[in-house]
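Protein sequences, first through last, are from chains A and B.
Using this note's numbering, you'd call the opening residue of the first sequence number 813 and step up by one each time.
Using this note's numbering, you'd call the opening residue of the second sequence number 813 and step up by one each time.
Each hint should be verified, as a subset may be incorrect.
In this list, chains with the same sequence are indistinguishable; a pair is considered to hold if it fits within one copy or across any two.
As the list claims (entries may be wrong) - Listed next, the in silico DMTMM-like pairs over lysine to aspartate or glutamate satisfying Cα-Cα at most 20 Å (straight line):
no.: 1; residue 1: Lys873; residue 2: Glu863
no.: 2; residue 1: Lys965; residue 2: Asp982
no.: 3; residue 1: Lys922; residue 2: Glu933
no.: 4; residue 1: Lys1005; residue 2: Glu985
no.: 5; residue 1: Lys959; residue 2: Glu825
no.: 6; residue 1: Lys1005; residue 2: Asp827
no.: 7; residue 1: Lys959; residue 2: Asp827
no.: 8; residue 1: Lys902; residue 2: Glu867
no.: 9; residue 1: Lys922; residue 2: Glu867
no.: 10; residue 1: Lys959; residue 2: Glu985
no.: 11; residue 1: Lys1000; residue 2: Glu863
no.: 12; residue 1: Lys959; residue 2: Asp890
no.: 13; residue 1: Lys828; residue 2: Glu961
Read the hints as simulated data drawn from the structure, not as lab findings.
Given the structure is predicted, the values throughout are model-derived calculations rather than measurements.
Protein chains: 2
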Amino acid sequence: MSRITDQLQFIMEADKIKNIFRKSMISDGSRYENDAEHSWHLALMAIVLAEHAAEDIDLIKVIKMVVIHDIVEIDAGDTFAYDIQGHEDKREREEAAAHRIFGLLPNDQKDEFLQLWEEFEDMNTPEARFATALDRMHPILLNLANKGEPWNKYNITYEMIYDRNKQINDGSETLWQHVLELLDECRKQGILKDKIQAQ
Amino acid sequence: MSRITDQLQFIMEADKIKNIFRKSMISDGSRYENDAEHSWHLALMAIVLAEHAAEDIDLIKVIKMVVIHDIVEIDAGDTFAYDIQGHEDKREREEAAAHRIFGLLPNDQKDEFLQLWEEFEDMNTPEARFATALDRMHPILLNLANKGEPWNKYNITYEMIYDRNKQINDGSETLWQHVLELLDECRKQGILKDKIQAQ
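Extracted from the complex, chain A is given alone in its bound form (with noise of 0.2 Å):
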């Protein structure tokens, strides 16, 4: 029974994401969304838009990247998008936690899960490039869903936007073209701004 107690004992370590908060608003900006609910979405993302994946991709194996891909910010936190140093340890900090959170599973999965999380993190292969599109979409559409509010509480602009994002079109052309519609409806709409504004 020792391997089930394991592989439970993780499940539940990974409860913890649901305390984790992102920068993202849900939809009807009532409140920020948490990892739990990010990678619910970004799994259903793959699912609905795998179609849209500019190669061939294993759907299976980018489902498992978008639900796994966050449980090492229980140790390592959220660092936001746009947080330049916050991105210099990140990969540090974040591999340590993925070593101790996956050493939770019995040895097999440990070292699937490892890998999994590496290979999202290394975008060299088509379900990373894919994943990685779905995950830099996501929190575009719900900011677009509400007004761009966090776009304007951390003061972020169309080229930030522009530049982050742009590895998109590497896991899907289709999807990058229509988040560049999206973005340029929100420039019309004054819900985001080409430069940050003088406080």
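Here the structure of chain A is known, so what remains is to put chain B in place on it, guided by the hints.
Just chain B, lined up with the frame of chain A:
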């Protein structure tokens, strides 16, 4: 572009399950969990526990089922597992919701999602039986973690849990045996009562 537009409209409509709260608390007992968090956790459980399924399963199908199974609650609301009256018209309310919400998708995906959801509800395939086993097991794990707070609040007894959850056995004998051990542990600790206490 209208295919993507429809797909994204569905994806953003589904965001509303982040506001549908269940009768189970997250593991630290600080608050009730919502359907998005629950669905993410089931996807993780499916990935980690797949080897314990009673029959051969197509894992991607199980994951699709658990990721979409609660979307109908956007219209139909959450029906508490032990609410006998609520279950009388549950299927009817949820069928209508499934047609409206999955109906936002392009036709081929609408048909696929409706079929997956009905298969899950009917519990007549190995994938549906395993997905149901996970769905039943999940609140037991959470209740155990927070010392049975919701069981106590809603006067849920061992017999009620046994009766509702014995179906776990159809999806996985191994998981059901483990759940029985956990429930026995809860009784020993006094977290779970055999009979309803006089108020």
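Next item on the list: Hint by hint, work out which the structure violates, then give me just those numbers in ascending order.
Entry: Result: hints 2, 4, 6, 8, 9, 10, 11 and 12 break, sorted rising.
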